[in-house]
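Colleague: If you want the building blocks of each chain, they are given just below.
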Amino acid sequence: MWESVATGLAGLTSGVAYLFSEGLPNVVMMAVGSLLIYLGVRKGVEPLLLVPIGFGCFLVNIPLSDLMESGGLLRTLYQMGIANELFPLLIFVGIGAMTDFTPLLANPKILLLGAAGQTGIFLTLFLALALGFSELEAVSIGIIGACDGPTAIYVTSQYAPQLLGAVSVAAYSYMSLVPIIQPPIMRLFTTSRERTIRMQIARGKVSARTRLLFPLVATCITGLIAPKGLPLMGTIMLGNFMKECGAVARLVNASQNEIANVVTLFLGLAIGGTMEGHAFLKPQTLAIFGLGFVAICVDTAAGILLGKLFCFLSGGKINPLIGAAGISAYPMAARVVQIQGQRYDKKNYLLMHAMGANTGGQIGSVMAASVMLSVLKGMGLI
Amino acid sequence: MDKWTFGLTMLLVGTGGTFATLGILSLCIALLGRFFPSHLEAERPSNRNH
Chain Y
8 MWESVATGLA
18 GLTSGVAYLF
28 SEGLPNVVMM
38 AVGSLLIYLG
48 VRKGVEPLLL
58 VPIGFGCFLV
68 NIPLSDLMES
78 GGLLRTLYQM
88 GIANELFPLL
98 IFVGIGAMTD
108 FTPLLANPKI
118 LLLGAAGQTG
128 IFLTLFLALA
138 LGFSELEAVS
148 IGIIGACDGP
158 TAIYVTSQYA
168 PQLLGAVSVA
178 AYSYMSLVPI
188 IQPPIMRLFT
198 TSRERTIRMQ
208 IARGKVSART
218 RLLFPLVATC
228 ITGLIAPKGL
238 PLMGTIMLGN
248 FMKECGAVAR
258 LVNASQNEIA
268 NVVTLFLGLA
278 IGGTMEGHAF
288 LKPQTLAIFG
298 LGFVAICVDT
308 AAGILLGKLF
318 CFLSGGKINP
328 LIGAAGISAY
338 PMAARVVQIQ
348 GQRYDKKNYL
358 LMHAMGANTG
368 GQIGSVMAAS
378 VMLSVLKGMG
388 LI
Chain Z
2 MDKWTFGLTM
12 LLVGTGGTFA
22 TLGILSLCIA
32 LLGRFFPSHL
42 EAERPSNRNH
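Read top to bottom, the protein sequences are chains Y and Z.
The working numbering puts the first residue of the first sequence at 8, with every later residue one more than the last.
The working numbering puts the first residue of the second sequence at 2, with every later residue one more than the last.
No lab work stands behind these hints, which were simulated from the structure alone.
Any given hint might turn out to be false.
Unchecked claim - Straight-line C-alpha distance at most 27 Å; calculated DSS-like pairs for lysine-lysine:
id : chain 1 : residue 1 : chain 2 : residue 2
1  : Y       : K235      : Y       : K384
2  : Y       : K235      : Z       : K4
3  : Y       : K212      : Y       : K315
4  : Y       : K315      : Z       : K4
5  : Z       : K4        : Y       : K289
Sequences are here, hints too, so could you generate the full structure?
Modeller: Have a look at this one:
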């Protein structure tokens, strides 16, 4: 009888015993999970993602919980939508349905700013190789520079699933830190005269037919050039086509709300589930965060430098600050440009132009990932 | 293929490919704007029901 009671009590205390014996990494990660929850709840940093990620991280680090074992809740969510890339793609349908490409369509050349805003991806990939990461790991780390959470998750879950937690958290953290990271770089690379350039407002220059045909044309062209990225571009453009066609309001509404919300919850929990202490707490996690930071700085600098070139070629009609919005953090990067522009000239309204560059950055990030995957396929590495 | 060749290839082809694709897309958007200018739509009243 007493032996049986002792065995039962051992079952109740095994978690605590584990925590004190080999559970230090779990304790640290529970603190990290709590920090993510705090940042999301109290500081408003990407709460829709950081709260479920933080809670998933917290859950998976409670010892002996088996949530990430076969049949466990978090493992099931992971298999349901991350291992097969479904969740990021469903989120892309919602992003497409929420995005208005009109400012970009009114001034198509600023799409190139969205290409410059991806330069950090490829430079960081190079740096990651230098730090000893494998080719596919370097690709997944470089993609943090896309400043685009779903794209980073899509690529990493396929080619370096062991880095998924670190890459996802880095991507979403840096996206939310754009207002802190970008302004010093914007000031460094522009003169005070350039920052005060006022740009003409191009309103009402885009027809409904152009807006309707754009998603089809974009899908077709990018799919033909980089077919490996078609799921990414196809889903974002599907969402946008549904929005522009005006015939499926219920589907648009569902994509923007119910589907996006449910998938965001599942995605966040499943990512948190990959942050188990013993697997996550490694020097390479710190390296990934460092490289992600470099990627976003390089993206910003490259966008501004191309903006300066546009400024020169246009005879001073383009404010180079809008180049900083060529990353995918939408609409945060555009707002940063507007705020910085008004800091030097209170009557300068750069928001619409920056929005154009920012939506270009969204397309650019997806395109950069697509190109990268297609090049990898061409090389026979995937 | 060694790591550096891989990295350099990705840097050149990746950056170049992204710029080239978005450049082509940008041209196509400009063509769409030419074929379907907004002022023609403004002249033709829409009969779509929302």
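Colleague: Are the hints correct? Go through all of them and say.
Modeller: Right, here's what the structure says about each hint:
1. Y:K235 x Y:K384: Roughly 8 Å separates the two Cα atoms, so the pair holds.
2. Y:K235 x Z:K4: holds (22 Å)
3. Y:K212 x Y:K315: holds (25 Å)
4. Y:K315 x Z:K4: violated (33 Å)
5. Z:K4 x Y:K289: holds (23 Å)
Taken one by one, the earlier hints fail for this structure only at number 4.
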